[in-house]
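Construct the complete structure from the given sequences, taking the supplied hints into account.
Protein chains: 4
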Amino acid sequence: MTSKKKEKYDLILEAALKVFAEHGFHRSQVSKIAKAAGVADGTIYLYFKRKEDILISLFREKLGELVGKFHMHIEQTTGVKEALRKVCEIHYTELENNVDLAFVTQIELRQSSLELRKEIGKAVKPYIELIEKLLVQGVEENLFRADLDVKLTRLLLFGAMDEVVTSWLISGRKYSLSAQVDGTVQFFLQGIQA
Amino acid sequence: MTSKKKEKYDLILEAALKVFAEHGFHRSQVSKIAKAAGVADGTIYLYFKRKEDILISLFREKLGELVGKFHMHIEQTTGVKEALRKVCEIHYTELENNVDLAFVTQIELRQSSLELRKEIGKAVKPYIELIEKLLVQGVEENLFRADLDVKLTRLLLFGAMDEVVTSWLISGRKYSLSAQVDGTVQFFLQGIQA
Amino acid sequence: MTSKKKEKYDLILEAALKVFAEHGFHRSQVSKIAKAAGVADGTIYLYFKRKEDILISLFREKLGELVGKFHMHIEQTTGVKEALRKVCEIHYTELENNVDLAFVTQIELRQSSLELRKEIGKAVKPYIELIEKLLVQGVEENLFRADLDVKLTRLLLFGAMDEVVTSWLISGRKYSLSAQVDGTVQFFLQGIQA
Amino acid sequence: MTSKKKEKYDLILEAALKVFAEHGFHRSQVSKIAKAAGVADGTIYLYFKRKEDILISLFREKLGELVGKFHMHIEQTTGVKEALRKVCEIHYTELENNVDLAFVTQIELRQSSLELRKEIGKAVKPYIELIEKLLVQGVEENLFRADLDVKLTRLLLFGAMDEVVTSWLISGRKYSLSAQVDGTVQFFLQGIQA
DNA sequence: TATGAATGAGAGTTCATTCAT
DNA sequence: CATGAATGAACTCTCATTCAT
Numbered sequence: 001m002t003s004k005k006k007e008k009y010d011l012i013l014e015a016a017l018k019v020f021a022e023h024g025f026h027r028s029q030v031s032k033i034a035k036a037a038g039v040a041d042g043t044i045y046l047y048f049k050r051k052e053d054i055l056i057s058l059f060r061e062k063l064g065e066l067v068g069k070f071h072m073h074i075e076q077t078t079g080v081k082e083a084l085r086k087v088c089e090i091h092y093t094e095l096e097n098n099v100d101l102a103f104v105t106q107i108e109l110r111q112s113s114l115e116l117r118k119e120i121g122k123a124v125k126p127y128i129e130l131i132e133k134l135l136v137q138g139v140e141e142n143l144f145r146a147d148l149d150v151k152l153t154r155l156l157l158f159g160a161m162d163e164v165v166t167s168w169l170i171s172g173r174k175y176s177l178s179a180q181v182d183g184t185v186q187f188f189l190q191g192i193q194a
Numbered sequence: 001m002t003s004k005k006k007e008k009y010d011l012i013l014e015a016a017l018k019v020f021a022e023h024g025f026h027r028s029q030v031s032k033i034a035k036a037a038g039v040a041d042g043t044i045y046l047y048f049k050r051k052e053d054i055l056i057s058l059f060r061e062k063l064g065e066l067v068g069k070f071h072m073h074i075e076q077t078t079g080v081k082e083a084l085r086k087v088c089e090i091h092y093t094e095l096e097n098n099v100d101l102a103f104v105t106q107i108e109l110r111q112s113s114l115e116l117r118k119e120i121g122k123a124v125k126p127y128i129e130l131i132e133k134l135l136v137q138g139v140e141e142n143l144f145r146a147d148l149d150v151k152l153t154r155l156l157l158f159g160a161m162d163e164v165v166t167s168w169l170i171s172g173r174k175y176s177l178s179a180q181v182d183g184t185v186q187f188f189l190q191g192i193q194a
Numbered sequence: 001m002t003s004k005k006k007e008k009y010d011l012i013l014e015a016a017l018k019v020f021a022e023h024g025f026h027r028s029q030v031s032k033i034a035k036a037a038g039v040a041d042g043t044i045y046l047y048f049k050r051k052e053d054i055l056i057s058l059f060r061e062k063l064g065e066l067v068g069k070f071h072m073h074i075e076q077t078t079g080v081k082e083a084l085r086k087v088c089e090i091h092y093t094e095l096e097n098n099v100d101l102a103f104v105t106q107i108e109l110r111q112s113s114l115e116l117r118k119e120i121g122k123a124v125k126p127y128i129e130l131i132e133k134l135l136v137q138g139v140e141e142n143l144f145r146a147d148l149d150v151k152l153t154r155l156l157l158f159g160a161m162d163e164v165v166t167s168w169l170i171s172g173r174k175y176s177l178s179a180q181v182d183g184t185v186q187f188f189l190q191g192i193q194a
Numbered sequence: 001m002t003s004k005k006k007e008k009y010d011l012i013l014e015a016a017l018k019v020f021a022e023h024g025f026h027r028s029q030v031s032k033i034a035k036a037a038g039v040a041d042g043t044i045y046l047y048f049k050r051k052e053d054i055l056i057s058l059f060r061e062k063l064g065e066l067v068g069k070f071h072m073h074i075e076q077t078t079g080v081k082e083a084l085r086k087v088c089e090i091h092y093t094e095l096e097n098n099v100d101l102a103f104v105t106q107i108e109l110r111q112s113s114l115e116l117r118k119e120i121g122k123a124v125k126p127y128i129e130l131i132e133k134l135l136v137q138g139v140e141e142n143l144f145r146a147d148l149d150v151k152l153t154r155l156l157l158f159g160a161m162d163e164v165v166t167s168w169l170i171s172g173r174k175y176s177l178s179a180q181v182d183g184t185v186q187f188f189l190q191g192i193q194a
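Protein chains in written order, with the UniProt record's numbering: chain A, 1 to 194; chain B, 1 to 194; chain C, 1 to 194; chain D, 1 to 194.
Heads up, a few of these hints could be off.
Just so you know, same-sequence chains aren't split out, so a pair can sit in one copy or run between any two.
[Said to hold, decoys possible] No more than 35 Å apart at the CA atoms, straight line, and that leaves these computed lysine-lysine pairs for DSBU-like: (1) 32 <-> 133; (2) 8 <-> 151; (3) 151 <-> 32; (4) 49 <-> 174; (5) 81 <-> 8; (6) 86 <-> 32; (7) 81 <-> 69.
Keep in mind the hints are simulated off the structure, nothing from the lab.
Printed below as a string of structure tokens:
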């Protein structure tokens, strides 16, 4: 029963991901999601309290998976710099290979109330903290500047990558996103100075 | 008459800024904006084709003003690095001193369709290009790396600053935004490397 | 403008009376009322806050008219007993001649929440108080028993008439309601007579 | 098995009485009743065809019990007048001592369609006929007026008592209901007395 | 230009009822 | 007999936009 319930829960989530990516959150009627999932409208409400809950749950699940991948790959790396490159690489390639998810995270999820954005902020936090952890480690190993403001820098790194992804999406994905990893990581490590 | 028209146009825009900042785009009814501007609902439609147009126009006007300020201040600077610091300084202080505008640009404006976001992209372009121009100049003056990918880097810089502002807003503005200028610029110039 | 507004207000109220009488409150969709009134659905909400407000307003207006008629006719009577007969006569004939109103007051209005019934109770109060006033006057004139519990008796009179009307309606109006005036009044007077 | 069936039937009815009394008919979801009865939603439909059937059955059962009590007590009385007082006494005390039932009969049961009200009318009939029987007997014994319209009077008596109960409920039960018996009966007897 | 009353399409959500297990 | 997950019809209310004045 639990597995069956879980199945339908995931079924709806998968359907929602597709519908949100194609039509955007506000233009995605619950009935459209239900139809895509092959269930009745009312069934949605057996698994989610409100329409917004689908969005939040979707984000939590998918971001959870992503953070899992980050941790998994980073464990296999040997140095902090290498790990940081891995983070950027996963960030770019995962979203490049999963355009639906990219649209939802970069475009649709932002189309929400301040209240919801705080909720999303909580879900993003583990990722931001992962970056911070690497920064702290780098400072301890004397690889990064001793006076580095890690709280500020984690935002700068995340924001920089985030903007690259969004810009790539809005441009219509006319170039390779993963090809930007080198330039991005070099910028992170060296800055722009000659 | 044209000046009078301009006056009412601005009147509506100012009212919209306040209303959007307080209630968010989707919760800001046209009638609420009209009331705040002291005009009739229908009058709005003499100056703006659709509700979304108010948002776009607001952004264009305000961003235009901002870009103007950037140009004005940069002309008074002597070097590229100094100019880049000035850009960051203006970016942070202007939004810190104009919280309404900050809310609209960082939160509400993102709550829009892909179509609208493209429109916004066009309005942001002059700013992004201003950054790019400084980067190109820096490379030419051998201040920045010769192999710098300026198209990518302009996004990284903008994205990094953008995230810092958004994060500051969502956190509830518990710390000084302008105090982040030093750390941000240092990161831009030096990167994180020791 | 005010008269025009008043006109549409009444238009909706008249339409609602017909629709409520025919289909009952819960089966009367707002769209049905709007159609009957020849206005758009949304227009209803320019004059009434919620669907329930239509019912309450309808009751207030109609009961207000009725109480007005009571007062008007009673002023023309000479004695208390005659006045009491007039009350019963108006009660029965008005509802007999306005079956739609009768249905709404006797059947549909009762189909409401305890909260709403209290609201209705307030609207009925002037009528109950009118009856009480007559009873007090009768006691003072030694026409009615000196030990008469006027608070209780006003309920007994109102309830008795109310039940006669409801029963007449539910029976399918197979007999004359106004023909019950004599029997009712005789019962009342003998009951309260000194 | 039949007794077991009867048990569950009563179980649901008792649960429904409580739920209806607390939340009202329209706000009492079938699932809420099922939960209160400790059965599954679907089980309700093994005993009742529709939600309304629960209400009707509830009324029939409870009113049947009441009418039984009336008959039982009246048999023990010696005169018609005494019997009539007993009727009023039972009417008031039974509902005063069973507030849940009072709420359902006076408030919730009225919240139903004309169709249902006819159904309820049938259930009330034995009680009304009981009153009529007493009236006829009284007339035969020359205790009551010879020209008494018993069909009308039975309604007047029932309606008067009904209104007293409803008014007592809506007022928030701030006074004793059974204390109204004397005043009520005195009014009745004087009204119909020979 | 300006008004603001009127429009009416649109969608989230509830819940009585069913039926496969 | 019993279950409870699934169904899907039903309906109120909002609000961007229009247009007669």
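Could you figure out if residue 151 and residue 32 sit no more than 35 Å apart (CA to CA) within one copy, between two copies, both or neither?
This pair counts as neither: shortest intra-copy Cα distance 41 Å, inter-copy 39 Å.
Please sort residue 81 with residue 8 into within, between, both or neither, judging by C-alpha distance up to 35 Å.
Neither: 41 Å inside a chain and 56 Å across chains, both beyond 35 Å.
Intra- versus inter-copy proximity for residue 133 and residue 32 (alpha-carbon distance at most 35 Å)
neither (41 Å within a copy, 46 Å between copies)
Are the CA atoms of residue 49 and residue 174 at most 35 Å apart within a copy, between copies, both, or neither?
between (38 Å within a copy, 32 Å between copies)
Between residue 86 and residue 32, at a C-alpha cutoff of 35 Å, which is it: within one copy, between copies, both, or neither?
Intra 37 Å, inter 49 Å, cutoff 35 Å: neither.
Pop the pair residue 8 and residue 151 into one bin, within, between, both or neither, using alpha-carbon distances up to 35 Å.
Neither. Shortest intra-copy (39 Å) and inter-copy (44 Å) distances fail the 35 Å Cα cut-off.
Within, between, both or neither: residue 81, residue 69 at alpha-carbon 35 Å
For residue 81 and residue 69, the Cα distance is within 35 Å only inside one copy (17 Å; across copies 38 Å).
Hint compliance for this structure: hints 1, 2, 3, 5, 6 are not met, and every other hint is.
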